[in-house]
Amino acid sequence: MTPNLHLWLIPLLPLAGAAINGLFGRRFSRRAVSSIALGFCGAAFAMALWVVAQFSALSLPYSEYFAPWIRAGSFQADFAFYLDQLSLVMLLVVTGVGFLIHIYSVGYMWEEGGFYRFFSYLNLFMFFMLTLVLANNYLLMFIGWEGVGLASYLLIGFWFTKDSAAAAGKKAFIVNRIGDFGFLIALFLLIKHFGSLNFVQVFHRIAPLRPETTGAGLLTAIGLLLMVGAAGKSAQIPLYVWLPDAMEGPTPVSALIHAATMVTAGVYMVARSHVILDRAPMALMVVAIIGTLTALFAATIGVAQTDIKKVLAYSTISQLGYMFMACGVAAYSAGIFHLMTHAFFKGLLFLAAGSVIHAVGGEQDMRKMGGLRTKIPWTFWTMTAATFAIAGFWPFAGFFSKDEILWQASRVSFVYWGIGVFTAFLTSFYMFRLWFLTFFGEYRGEAKAAHGGGEHQAGIHESPKLMLAPLVILAVLSVCGGWVGSVRFERFLTPVLQAGSGASVSNVSTNALASANERKDEVSSETLLTAVALGAAALGLYLAFLMYYQRPQLPDQIAASLGGFYDAVVHKYYVDDLYATLFVKPLLDASTRILWQGIDRDVIDAAVDNGADGAREISDSVRHMQSGNLRSYAGWIAAGAAGVIAYMVWMGTR
Amino acid sequence: MSALNSVILTLVTFIPLAGSLLLLLLPRRDRDIRWFALVVTLLAFVLSLHLPVHLQRDQPGFQYEVNLPWISSPNIHYHMGVDGISTWLVVLTTFLTPLCVLISWKSIHERVKEFFILLLILETALIGVFVSLDLFLFYFFWEATLIPMALLIGMYGHGRKVYAAIKFFLYTMIASMFMLAAILWLYAKTGSFDFVSIQAAIHNGQVEHFANAATWLFLGFFIAFAVKVPLFPFHTWLPDAHVEAPTAGSVLLAGVLLKMGTYGMLRFNLGLFPEQSRANAWWVMILALIGIIYGALVALVQPNLKKLIAYSSISHLGFVVLGLFSFTQAGLDGATFVMLAHGVSTGALFMLAGILYERRHTYEISEFGGLATPMPVYATFFLFITLASLGLPLLNGFIGEFLVLSGAFRDRAIYGVLGATGVIWSACYLLWMYQRVFFGKVTRETNQSLPDLDMRECVVLWPAALAALIMGVAPLIWLNAFDPAAQAILAPFTQLASKVVAK
Chain A
1 MTPNLHLWLI PLLPLAGAAI NGLFGRRFSR RAVSSIALGF CGAAFAMALW VVAQFSALSL
61 PYSEYFAPWI RAGSFQADFA FYLDQLSLVM LLVVTGVGFL IHIYSVGYMW EEGGFYRFFS
121 YLNLFMFFML TLVLANNYLL MFIGWEGVGL ASYLLIGFWF TKDSAAAAGK KAFIVNRIGD
181 FGFLIALFLL IKHFGSLNFV QVFHRIAPLR PETTGAGLLT AIGLLLMVGA AGKSAQIPLY
241 VWLPDAMEGP TPVSALIHAA TMVTAGVYMV ARSHVILDRA PMALMVVAII GTLTALFAAT
301 IGVAQTDIKK VLAYSTISQL GYMFMACGVA AYSAGIFHLM THAFFKGLLF LAAGSVIHAV
361 GGEQDMRKMG GLRTKIPWTF WTMTAATFAI AGFWPFAGFF SKDEILWQAS RVSFVYWGIG
421 VFTAFLTSFY MFRLWFLTFF GEYRGEAKAA HGGGEHQAGI HESPKLMLAP LVILAVLSVC
481 GGWVGSVRFE RFLTPVLQAG SGASVSNVST NALASANERK DEVSSETLLT AVALGAAALG
541 LYLAFLMYYQ RPQLPDQIAA SLGGFYDAVV HKYYVDDLYA TLFVKPLLDA STRILWQGID
601 RDVIDAAVDN GADGAREISD SVRHMQSGNL RSYAGWIAAG AAGVIAYMVW MGTR
Chain B
1 MSALNSVILT LVTFIPLAGS LLLLLLPRRD RDIRWFALVV TLLAFVLSLH LPVHLQRDQP
61 GFQYEVNLPW ISSPNIHYHM GVDGISTWLV VLTTFLTPLC VLISWKSIHE RVKEFFILLL
121 ILETALIGVF VSLDLFLFYF FWEATLIPMA LLIGMYGHGR KVYAAIKFFL YTMIASMFML
181 AAILWLYAKT GSFDFVSIQA AIHNGQVEHF ANAATWLFLG FFIAFAVKVP LFPFHTWLPD
241 AHVEAPTAGS VLLAGVLLKM GTYGMLRFNL GLFPEQSRAN AWWVMILALI GIIYGALVAL
301 VQPNLKKLIA YSSISHLGFV VLGLFSFTQA GLDGATFVML AHGVSTGALF MLAGILYERR
361 HTYEISEFGG LATPMPVYAT FFLFITLASL GLPLLNGFIG EFLVLSGAFR DRAIYGVLGA
421 TGVIWSACYL LWMYQRVFFG KVTRETNQSL PDLDMRECVV LWPAALAALI MGVAPLIWLN
481 AFDPAAQAIL APFTQLASKV VAK
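Protein chains in written order, with my numbering: chain A, 1 to 654; chain B, 1 to 503.
Chain A extracted, bound-state conformation (with noise of 0.2 Å):
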């Protein structure tokens, strides 16, 4: 006997808050206010993990109708919810370190006018994730898929007097919108085809087809559109653009939504989509291709940034390449792994960056921190745990999840293991990098404190409890949070994953099944390419150490010998400068010139007036035939009548 679950609780209590906040809140304290946002997305928490202790006696997966939402002829999507393993592994993430979140909020928003509707957007956020996240259709899922980007929208502008944090948050929304087509895209396809949306229908009329080996069919259609969402959402090559800007958020908003929970929406769509990507290996290759660019690509760019918050924006981008990278191998349950460690670690870096640019007054650039191990040790050690684990140093959580991608990957290709291993060390270098600008050396914000003297730097202070708890929370999390093992993980989550596999299928279920065989065999393979890996972190990590602790005048000289590359990298290979000219501003011009002065004005708007003014000359002119002198008009009559007696002749002679 299945019990019930009320799943729906579990979005709807975050709602319940935001709209408590959101419509009343302004008239209340900021202790009731972060009372009401905490109470209701630790209720939601709460039942999350209460679902956990009923999940053994479940039959999977659960389904929970609530109510029927669009019906039109014979399609019809409802408000139902459903629950599988990686819905609950997604749900644990999101309650779970959403809710650490909130409490950090607290703590740092304190201080901030519009209170309230700080905490209305948060718990908003929650609503719209947790409706993604257990959606038993793709248009429900849609739903939340479209509300993390508004409230990731609203929170990212949540400055909105800045004009910067205003157009990010435009960006944001409009770069996902571009994403959300290609989504749009894939749900007509599946619904002309199919005639559902509904997960457990459409994947059980995919099941029995053969895989496209053509690269050229419906599901490799739907594979790639489906990308195209994922892509726009989840910031990877080319919509990647929003991501870095999205930067002028608060920090909390930037760690919740621009690293743990929104963008890995992507990757959580890609790898429930599986039974259709499984059988278009077209797909599953442009997937690989993109996490793995996107991987290289976004961690080049991290090296040379200076803002704090922008290498860990980068670090994301490139993480979240990662986790394509595995969904394209096919090695889903290693994304979703390394998705779970990644918004500990993750959440933790930008929440202790947070804790740093807090203790520093507000200053996000790495150039004027230095030497604040010994001011802020809680926040330096918390964030060391982040950065070795992001780094893949055993046994940190990192490890073991990039550890099985790349090995994973291997085993498809080994251009994409190359390529995941030089980004490891790349990853490894520019963490390293921030790690020692920030904590170590002498403190360099002296040429900012003018005014202000030493003032400053005596005010340097270590974050209030209340943002710490979290912070060592999930600490402890990036340490630990990797040693269930991605075997143990890979076997949880392979109900999921297997589901509508069949026998005849591609290389992915032979890779699942064959794999726990061959491990034995390949396991001293394995064990070289893990060495490789911890290798080349650790190079990076002594690359880090020589240029930014032992010899810091290095960087200016390397960055010196390398020019325009150098230039390059540091703005971002003019990726924002390239889609202003070539897309942006032809647009407007276009629009501004051709469209609306061009056909509007000159066009359609000109020949209706002419066709006016022409009528009215017309009449003008017709108007003179009246007069009223008896010797015109006779002259008319005898015209007339000439008129007529010619036709009449002509007809005559016919």
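Derived by calculation from the structure, the hints in this document are not laboratory data. Heads up, a few of these hints could be off.
Unchecked claim - Heads up, simulated SDA-like pairs for lysine to any residue below, C-alpha to C-alpha not over 20 Å straight-line:
| # | chain 1 | residue 1 | chain 2 | residue 2 |
| --- | --- | --- | --- | --- |
| 1 | B | Lys-441 | A | Gly-113 |
| 2 | A | Lys-192 | A | Ala-207 |
| 3 | A | Lys-162 | B | Ser-197 |
| 4 | A | Lys-585 | B | Leu-383 |
| 5 | B | Lys-161 | A | Ala-606 |
| 6 | A | Lys-162 | B | Leu-43 |
| 7 | B | Lys-441 | A | Ser-164 |
Claimed, not checked - Beta-carbon label-pair distances, calculated as ranges:
| # | chain 1 | residue 1 | chain 2 | residue 2 | range |
| --- | --- | --- | --- | --- | --- |
| 8 | B | Thr-443 | A | Tyr-579 | 50 to 56 Å |
| 9 | B | Pro-74 | A | Tyr-647 | 34 to 40 Å |
| 10 | B | Leu-47 | A | Thr-581 | 56 to 62 Å |
| 11 | B | Thr-443 | A | Pro-395 | 37 to 43 Å |
Claimed, not checked - Covered stretches of chain A (in silico footprint by chain B; criterion: 3 or more residues with CB under 8 Å from a CB of chain B, positions within the stretch not fixed):
| # | stretch |
| --- | --- |
| 12 | 68–78 |
| 13 | 176–189 |
| 14 | 473–483 |
| 15 | 587–593 |
| 16 | 600–612 |
Here the structure is a predicted model, which means the values were calculated and not measured. All C-beta atoms in this analysis are idealised placements derived from N, C-alpha and C, irrespective of residue type, glycine included.
For this one, chain A is given, so just place chain B on it according to the hints.
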């Protein structure tokens, strides 16, 4: 209830007109006149709710019918009736009109009496269009909307109001002549103006020379409707009319009047000429797609808030036409849904623009900036409606657009794909506009002290915002009513399709 059923359409249609006649008698005390107009329009609204509440979902054909001989020669009947689609268009009209009265409460302070008389006459004419089943009656109401609307623009507008009023009047009037010719042709051949009997006669092949004339008849109706929608390239009257019109005029113009065009296509083009509709669908859909993209791109670069909204209407109405001519269930349901959703959200956008105009007497976007600081409540309402308009799921814009696009996609994939670019454009022009008006620092001194919404303005905006939310969360209330009506309209098309297959 049955007693009410037979007179309900007459009541709903003519209560506003009766109200306007009574207004004539009322002394010129502006306060009383406003309250009286509000009460009349609210009464019409409450009564009109009878229609959807007691609509029989499973009963085919028109309901609440009344069919009385009016003039014996020519054979004109007072024939009214509604189906699930027109029912809701009537309710949309009666829903928006009280809001129009409220939004004009202060902004109209000269010739108040005439203003509300015109508004009430306009309401009657608009409702009449949606309930008429006699072509002559339909044409009568159709043209009757022109006069009060042109007068509202010409008398109470601003700027080049007379130019705009005349342009509006002539543009749509000339186009309607073609429809009149088509109606007269049909009368000459069938001896009837009755929609139902003409439809049956055409269907059974009892109309002489129909095959030769059908395309011209289709075009005659179509051109009148296309101008009203407005479909590219007949749209240039709309931005001018909107910019110069008073707020209430804009709300009814965008909210209801444009839907006369799309409703006409649905009822008459699709209803009377299914074969011709199918044959001509390809270019109609291309025009609709041009409208969607073109309207959005031109909206993007408008420096004037009201013009921006006007061009966005052209884009949204393109979705309606696209859905109608996809001849799919989803397309038709979605098109009807967009009509309602656009009425609510664009109506609300015009009201919001009007509220700003009352404070600053300009629509130029560059005059604003940073308004979220002095007017937070206003900014919140504006954002909510903006989100509804750009099709955020769970708000009303999404449902219709999604259904339309899925229908168009089913018909021909490329139509769905091109139409779906609309979701990108709408985000671009709306969010950019929002950013320029509300975000950043307050750049102009006068904007520093703008008052936020007062009680009356909140009362105007709350119903629209709630409607946008309810339509997005529980669209089935509406879709359940549309579905059978759309099915009935599509029946000849499915027969056609099966004929083609049989061949």
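Status of each hint after checking the structure:
1. B:Lys-441 / A:Gly-113: holds (15 Å)
2. A:Lys-192 / A:Ala-207: holds (17 Å)
3. A:Lys-162 / B:Ser-197: With Cα atoms ~64 Å apart, Lys-162 of chain A and Ser-197 of chain B exceed 20 Å; violated.
4. A:Lys-585 / B:Leu-383: violated (26 Å)
5. B:Lys-161 / A:Ala-606: Satisfied, since the Cα-Cα distance of roughly 18 Å is no more than 20 Å.
6. A:Lys-162 / B:Leu-43: Violated, because 47 Å separates the two Cα atoms, which is more than 20 Å.
7. B:Lys-441 / A:Ser-164: holds (11 Å)
8. B:Thr-443 / A:Tyr-579: 50 to 56 Å: For Tyr-579 of chain A against Thr-443 of chain B, whose Cβ atoms are near 27 Å apart, the range 50 to 56 Å is violated.
9. B:Pro-74 / A:Tyr-647: 34 to 40 Å: holds (35 Å)
10. B:Leu-47 / A:Thr-581: 56 to 62 Å: Given range 56 to 62 Å: holds, Cβ gap about 59 Å.
11. B:Thr-443 / A:Pro-395: 37 to 43 Å: violated (56 Å)
12. 68–78: holds (count 8)
13. 176–189: Answer holds; 9 residues pass the 8 Å Cβ test.
14. 473–483: violated (count 0)
15. 587–593: With 5 residues in contact (Cβ-Cβ under 8 Å with chain B), the coverage given for the stretch 587–593 of chain A holds.
16. 600–612: holds (count 5)
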